[in-house]
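> First to last, the sequence lines map onto chains A and X.
When you line the first sequence up against our numbering, it's residues 1 to 415, in that order.
When you line the second sequence up against our numbering, it's residues 1001 to 1415, in that order.
Source of the hints: derived by calculation from the structure; they are not laboratory data.
Treat each hint with caution, since some may be false.
As the list claims (entries may be wrong) - Below, a sample of chain A positions facing chain X; criterion: calculated Cβ distance under 10 Å: (1) K15; (2) A20; (3) T41; (4) H84; (5) L88; (6) L243; (7) K404; (8) V407.
Said to hold, decoys possible - Lysine-lysine pairs mimicking DSS-like chemistry, simulated, CA-CA at most 30 Å apart: (9) X/K1028 x X/K1017; (10) A/K346 x X/K1017; (11) X/K1073 x X/K1028; (12) A/K28 x A/K12; (13) A/K73 x A/K12; (14) A/K17 x X/K1346.
No experiment lies behind these values; they were computed from the predicted model shown.
Backbone N, C-alpha and C fix where the C-beta goes; we use that ideal spot for every residue, glycine too.
There are 2 protein chains.
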Amino acid sequence: MSTIREQAERAKAAKPKLAALERAQKDKALGAVAALLRARTADIQRENELDLAAGRTAGLAPAMLDRLRMDQKGVEATARAVEHVITLPDPVGSRGPMQRMRSGIQVGRQRLPLGVVAIVYESRPNVTVDAASLCLKSGNTCLLRGGKEAAHTNRVLGSIIGEALAESGVSPDAVQIIPPGDRDGVRELVSLTGLVDLAIPRGGEGLIRFVVEHARVPVVQHFLGVCHLFLDEGANVEMARALAVDGKARRPGVCNALECLLVHAADAARLLPPVARALLDEGVELRGCPRTRELVPEAKAATDADWGTEYLAKIMAVRVVDDLDGALAHVGRYGSNHSEAICTEKLASSERWLREVDASCVLVNASTRFNDGGELGLGAEIGISTTKLHAYGPMGLESLTAEKWVVIGGGQIRG
Amino acid sequence: MSTIREQAERAKAAKPKLAALERAQKDKALGAVAALLRARTADIQRENELDLAAGRTAGLAPAMLDRLRMDQKGVEATARAVEHVITLPDPVGSRGPMQRMRSGIQVGRQRLPLGVVAIVYESRPNVTVDAASLCLKSGNTCLLRGGKEAAHTNRVLGSIIGEALAESGVSPDAVQIIPPGDRDGVRELVSLTGLVDLAIPRGGEGLIRFVVEHARVPVVQHFLGVCHLFLDEGANVEMARALAVDGKARRPGVCNALECLLVHAADAARLLPPVARALLDEGVELRGCPRTRELVPEAKAATDADWGTEYLAKIMAVRVVDDLDGALAHVGRYGSNHSEAICTEKLASSERWLREVDASCVLVNASTRFNDGGELGLGAEIGISTTKLHAYGPMGLESLTAEKWVVIGGGQIRG
């Protein structure tokens, strides 16, 4: 039997104990994790230095090294994130409204953990602690498979978590680090049907596609964020400008940033020039359709390849569409089911947008950058799903649970 | 390109139109389906006779032929089931409570269809109509792949549905019959990532395992119903007797029937003899552990193979367990996450049972036979899931939808 399978067997065996933990005990364990992280800051930094040195030798890009770094500030931020999870409500065991049926039974639903969650991730070692604390709080056991580049840091973080769990009376099998290796290990981990209940890949598109390709267990994931903003006829031009600049120029490298601006043809002459001006002033390169370029001479010519492209940079595609239907058709064809916004003053346009756009977050008169676990009130986020099964959008603690039916009767039979 | 892939491409292309349909139009189309089914009863019966004749020639068992049969009564029952779906609320577009966040945006969730649902099933041709009407009502397009044994019946039902959709102004691509063939076709259908959003296998364990084994798209399924009833210390003996007989003897062949009775050791002498007597009087064969056989001499000796077995017959395993913990451990090890009941007078036992048992439906003082879409208030059922991802338990119209986040603002940006 492989080591990975053995670890998963142990995780499965620990499921009932984890599921039955009361909130107080889970919060106590999380407090111990935060305290021990702080107490071991020097150890963590030493191990992190080994990873950084190896990364430099291997010629990792500065951005990658930056993500890998866990300095004193990083440890403190990670400990605080754990303490924040303590403040969040425990979803496990919460029972929704009960309904009395004609038969006399009371029927409702009650939350329970998913079971064993496998997280496959790259670079950022704080994911080790974040994922462990969210899984623990929601009563799940987790298997954490980080990247080779963070092997030393993840190992010490894993041993700190294990120690904190043990001293809090929680089985250390609840959080297990899977040692990094080649992708065969990832493939094995996500093939363990009957042992692993859910796999969550976090990282670059290559890793995510690999997991989706080889998984035999359920996966929630997102590949891309190709987000649009549609300026409707009659939109407020000040608002349009603010939403476009916030969505495109503030943090162009994030998945909920805008990639494409759509403008209603009947109002493009009023809306597009000032919005384009503001974007150009922020250093955004515009790539427009022919109608766009008539109104905005500074825009380069867009090619078909620009529609649906995730630039993750200060580049924006711009297209004048005939009307709301044209915008909906463009988003339906080129969107990535992530975040799609409309800027409108019309209730009918708003309601159609909310109903007809198929995306994890559909926004009216608000920046796409609000599609974020914190902004949507989840408290913390373990990932985001752009597929609709199980979860759609940012996943918080509740998305790490399921609902079972509960029935309370007084001896009823069906006969 | 294969025919199956072409059908799935057409189903995908029809998604936005289906998702945008108003309830009135969907209900009108369902009404047309019901009316046309009745008008074409003679056609359906003629095609069904061809399937029945082929089935007799092939030596199908009488129970199989019975499931295959669609006589006048069957057509009428199927049409009524469609009319019942008309009365159910349309989940699509319903928006849950909105919460105003600190940023000023309103945040909530709104239901949308899953997209393209593939149903793979055997024998009963009424599934063709039932699945089509539930998918249509929930705004999904569906690909229906029935068994070879019902090929003629399913084809005529498919053409009736298509005609009814066309005359109601709904794209006939919304409901497509995949012609039966060998299992390569099933394999292809459940491998169409990017086209098929969910696969639901319905039928024997062999079919379900095949789909799970080969699926590349998400699947909800259940294999087995190994359901237990635990008689707690102090349980009401009359109630215990009624629950045991209802669960085991009324319809032993269904998945929510009982397979195993567990009895608290401290009260077994009072509870077990009368409950066993009632089961024996109903013609149930009992297979007991040694402690059971001391109290019930009529019980045969159970072997290890009896724990966890789904008899689907008037046979019941009986085990005396030390206490509630023993019952929970037995259910955790041998249960199939389907339906698990306790008979108890103690609140603490009830709460622990509801919290700690991992099953799609957990019952207190009620028959396991209540784990049924109709009894739980779903109105109609497209399947049942014993895995926790996406759905757990009977799946109604709501389980054919997902929730997207909706944000309504007044121009808010994150900055």
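> Please name the hints from earlier in the document that this structure breaks, with their numbers sorted from lowest to highest.
3, 4, 5 and 13
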